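**Student:** Sequence:
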Amino acid sequence: MSTTAASNNNEPPRTNNEHPHSLSPSFSWLPNDTVLNILARVPRRNHPILCRVSKNFQSIVRSSALHQTRSLMGKDYLYVCFRDFGSPSLAYHWFTLDENRLVPIPLSSPPQPNSTALMVGHEIYFVGGYINNHSCKSMWILNYVSCKLRQGPSTRVARRRAAVGHVDKKIYVFGRFDHKDKDIQAEVFDTKTQTWDVAPNPNMDVQCIWMSMVNQSLDRKIYARNYKHVVAYDPRDGKCDKIYLPNNDRSCSDDVCMIDNLLYIHCSYVGLIWYDSKEKEWSVVKGLKLDVYSASEVKMAEHNGKLVFLWTRSCQEDTKWEIWCAMIALDRSGVEVMGKVEWFDHVLTVPCDYKIMHCLGRTD
2 MSTTAASNNN EPPRTNNEHP HSLSPSFSWL PNDTVLNILA RVPRRNHPIL
52 CRVSKNFQSI VRSSALHQTR SLMGKDYLYV CFRDFGSPSL AYHWFTLDEN
102 RLVPIPLSSP PQPNSTALMV GHEIYFVGGY INNHSCKSMW ILNYVSCKLR
152 QGPSTRVARR RAAVGHVDKK IYVFGRFDHK DKDIQAEVFD TKTQTWDVAP
202 NPNMDVQCIW MSMVNQSLDR KIYARNYKHV VAYDPRDGKC DKIYLPNNDR
252 SCSDDVCMID NLLYIHCSYV GLIWYDSKEK EWSVVKGLKL DVYSASEVKM
302 AEHNGKLVFL WTRSCQEDTK WEIWCAMIAL DRSGVEVMGK VEWFDHVLTV
352 PCDYKIMHCL GRTD
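Position 84 of the sequence shown, counted from 1, bears residue number 85 in the numbering used here, the numbering being contiguous throughout.
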């Protein structure tokens with residue numbers, strides 16, 4: 002008997018009407034390390050789909066073992082950038098999260114302030130900025146594996162603190178342009194060809210939006226803060242939806258974070274809230290109580306499928322700030338999202354002249 006035949010005899014019989022996709026239990030025949038290595042290669046944006054395949058898949062996707070495997074494979078990173086406003090020159094300091102501590106790393110920064118940063122793959126893109134009291138067209142690209150910074154092609158319109166988003170391997174930027182350039186309100190950068198092109202103009206005024214970014218798109222739209230509301234820009238046709246914040250709250254964080262296709266933002270008087278794009282309403286994340294004094298001090302990013310929540314506290318030394326971090330697991334059940342603080346800790350102390358400029362999470 003051939004080896005193939007012998008192997009087939011050891012397999013469970015398949016009924017004629019059995020669909021190949023129903024063979025997912027075959028994963029249980031594989032060693033755990035093999036299963037982890039396979040699932041670690043699945044983009045995190047598809048994890049909600051895996052969770053619906055079986056309870057076993059759901060358990061693996063939510064396990065710390067999968068998160069550790071992804072980290073070892075270079076799938077998950079978190080970088081925090083501070084600017085030293087007390088320095089006579091433009092000084093930036095980069096840190097990464099390592100076992101409940103922010104540790105320094107030797108990364109470079111672009112030569113202009115007020116640029117918007119977005120992480121795509123192994124690179125961080127810095128768009129626009131402010132030089133000599135004028136917005137600029139610069140783009141800088143930092144490869145954080147090689148630690149090399151290079152200048153990219155310039156945008157067509159000068160911008161500072163604009164909104165950016167990543168959709169279908171393209172980077173879209175809009176808002177915060179000079180009035181004379183209002184004919185080109187949005188641009189798109191193709192990461193493959195490394196070229197800029199004009200994107201559909203938003204059908205509403207987006208001049209006053211400020212630096213917001215969403216690494217992954219929700220419904221193929223890009224979300225940005227604009228005073229009392231969030232703007233959802235559709236790069237396919239330029240259509241914008243205006244999503245008002247609860248009580249027109251202006252005290253919400255600049256950062257708009259997306260995890261598992263849900264949008265999150267923090268407001269001082271409400272707490273952490275999430276947006277249901279189908280019901281078109283905001284709801285408070287249940288089960289959370291965070292000691293946060295001011296939403297303007299909050300930075301958020303996704304890390305290992307969870308929400309990293311950074312904020313500042315004054316310390317006993319008047320010349321220092323304490324940086325605190327909470328790792329929050331989020332779980333949607335029906336019409337509610339429950340939040341659980343897995344840990345929170347004082348992760349860094351910095352001079353009071355330091356301010357968090359970027360909090361970037363990379364999750365493939």
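No lab work stands behind these hints, which were simulated from the structure alone.
Check the hints yourself; a few may be wrong.
Simulated pairs of lysine-lysine, PhoX-like, Cα-Cα distance not exceeding 20 Å [to be verified]: (1) K171 with K193; (2) K290 with K307; (3) K321 with K290; (4) K138 with K171; (5) K307 with K281; (6) K321 with K281; (7) K240 with K229; (8) K341 with K279; (9) K171 with K279; (10) K287 with K243; (11) K243 with K290; (12) K321 with K307; (13) K149 with K193; (14) K243 with K193; (15) K240 with K279; (16) K356 with K307; (17) K240 with K287.
Because the structure is a prediction, the values reported are computed rather than measured.
**Student:** Against each hint, give a clear statement of whether it holds in the structure.
**Tutor:** Status of each hint after checking the structure:
With a C-alpha separation of about 8 Å, the suggested pairing of K171 with K193 holds against the 20 Å cut-off. Simply put, K290 and K307 have alpha-carbon atoms about 16 Å apart, close enough for the 20 Å limit, and the pair holds. As the CA atoms of K321 and K290 are separated by approximately 25 Å, the hinted pair breaks the 20 Å bound. A hinted pair counts as satisfied when its Cα atoms are at most 20 Å apart, and K138 with K171 qualifies at roughly 18 Å.
For the given pair, K307 sits about 23 Å from K281 by alpha-carbon distance, which is inconsistent with the 20 Å threshold. Taken as a hint, the K321 and K281 pair is broken in the structure, with Cα atoms around 41 Å apart against an allowance of 20 Å. Under the criterion of a C-alpha separation no larger than 20 Å, the hint pairing K240 with K229 is consistent with the structure, at around 19 Å. In summary, the hint linking K341 to K279 is not supported, as the alpha carbons are separated by about 24 Å, beyond the 20 Å threshold.
Of the pairs offered as hints, the one joining K171 and K279 is violated, with about 25 Å between alpha carbons and a cut-off of 20 Å exceeded. At most 20 Å may separate the alpha-carbon atoms for a hinted pair to count; K287 and K243 exceed this at roughly 25 Å. Proposed proximity of K243 and K290 is contradicted: the alpha carbons are some 28 Å apart, above 20 Å. Only pairs whose Cα atoms come within 20 Å are accepted, and K321 paired with K307 is rejected, the gap being roughly 28 Å.
Restraint check for K149 and K193: satisfied, since their Cα atoms lie roughly 19 Å apart, inside the 20 Å limit. The straight-line distance between the Cα atoms of K243 and K193 is roughly 31 Å, outside the 20 Å bound, and the hint therefore fails. For the proposed pair K240 and K279, the alpha carbon gap of about 17 Å is at most 20 Å, so the pair holds. Between K356 and K307 the alpha-carbon distance is near 23 Å, which puts this suggested pair outside the 20 Å criterion.
Distance restraint check for K240 and K287: the Cα-Cα separation of roughly 32 Å exceeds the 20 Å cut-off, and the hinted pair is therefore not satisfied.
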